[in-house]
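Asker: Numbering (this note's numbering), first residue to last: 4 to 464.
No lab work stands behind these hints: they were computed from the structure.
A hint or two may mislead.
[Claimed, not checked] Using 25 Å as the maximum straight-line C-alpha spacing, the simulated BS3-like pairs for lysine-lysine come out as follows: (1) Lys243 with Lys414; (2) Lys227 with Lys408; (3) Lys408 with Lys83.
Here the structure is a predicted model, which means the values were calculated and not measured.
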Amino acid sequence: MISLWMEQVAPQPARPALQQNTDTDVVIVGAGFTGLWTAYYLKQAQPQLRITILEARQVGYGASGRNGGWLLGEIAGGDKLLQALPGAERQSGHRLLQGIPDEVARVTEREGIHCDFKKGGVLYCAARYPEQQQRLQAHLSECRDYGYSTSDLQWLDQSGLQQRLQMANSYGALFTPHCATVQPAKLALGLAAVLEQSGVEIFESSPVVRWQSGEVATPSATIKARWVVPAVEAYGSQLKPMQHYQLAVQSMIVATEPLPESVWQSIGLANGEAFCEASRLISYGQRSADNRMIFGARGGYRFGGGLRADAPLSAGEMELRRHLMQQCFPQLEGVRITHNWGGNLALSRRFHPHMLCDYGPRIAVAGGYAGEGVGASNLAGRTLAHLITEQESELVRQPWVLRDKPLSALKRWEPEPLRWLTYKTVNQLYALEDRVLSAPTPAWQRRLVSGLADVLEGVIS
């Protein structure tokens, strides 16, 4: 099983594999959100373009069909990048990011894509220990400096949070309206159908074994193209030289059985909010359209950036996520978990997404979404389309855009075993911090472990 999301959609007839050599204007590697959105906006800009998408497995097979269903109006690291800009440019960048959910809403409405879109905002909750409240309020102060208004981001005290979400041992939350929840498989497959109706060719079971400027090869055939767009996110680990720039890590998610309204009345999320809690080892979730609790927590890394296969979570992985879910929501004790799955996402070495276009070899790349790709990929698709078609717009002037730069402009990840050792050190220290802070420990221990975690977080970023 790929995920609950993919199980819920109607069975899809397999698309053919690429079997013969051909040529096209733009060849896109990967039929996930980045590839689909890029093709969509290219067709909007220049309907005459011939566009071909090559997918190794099936549409939505990767992170696009396995995520937690958040569609955020922000990108990882975006605030810090924008902070360096003059005031008007900074505000323009914030508006661009915050508008991502509304842009997706416009497209899905215009194209008739039914993906359970609900814009209820997101609650960043302080729970389990008071240091989470201190961390969130410090972040709020930073965001005020970045230019966020109270309509963009506000603090809810414990009472205000409990009106929206009954999370155990909570202190309050930051709330932003700039987030929606979706059924991501419905969105991906809906986009693919729209693209095919517009003339885009999508080939499945067509893994790319080699690519270069102007040419992409599968085991069966070769495509020559004016533009090549690797849109592979974590699967760059299998597509040289992308493995140097987009590091694969894993996410793990569980879903409960559909819950009765009485249980949801004891939990909240009546307006479609997404939520997370503010430990460094994040837990997050949403209420699905069919009234399940979707709950994701923590992640993993495999030596060498190895990918997670389709196997279900192990007993230990399941039990950890059940334990964390019930810590947050004791109301869910005894509730049946019907689905569990893992997925692969990518981190860039600078810990923010990149959107790069090199006009010499005509290569355009986006990725490194750090788990926030459902929304960020829409921004990336629009941006790559504007770069490829050479449109001047605010999209191409943002600090996460590398315009007319080679792939080597991206920062490379350190070689193994440094990555593995760093991951193990970070994960163990963050887990230690979580254990110390969630227990009645002396103040000096709390300060010490949090200080060490702060230092390590600063070093790796």
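Asker: Just to be careful, I want the Cα atoms of Lys227 and Lys408 compared with a cutoff of 25 Å; is the pair within it?
Answerer: The hint holds at about 22 Å.
Asker: Mind checking the alpha carbons of Lys408 and Lys83 for me, to see if they're no more than 25 Å apart?
Answerer: holds, 22 Å
Asker: Do the alpha carbons of Lys243 and Lys414 lie within 25 Å of each other, as the hint requires?
Answerer: The given pair, whose Cα atoms are some 15 Å apart, holds under the 25 Å limit.
Of the numbered hints listed earlier, not one is contradicted by the structure.
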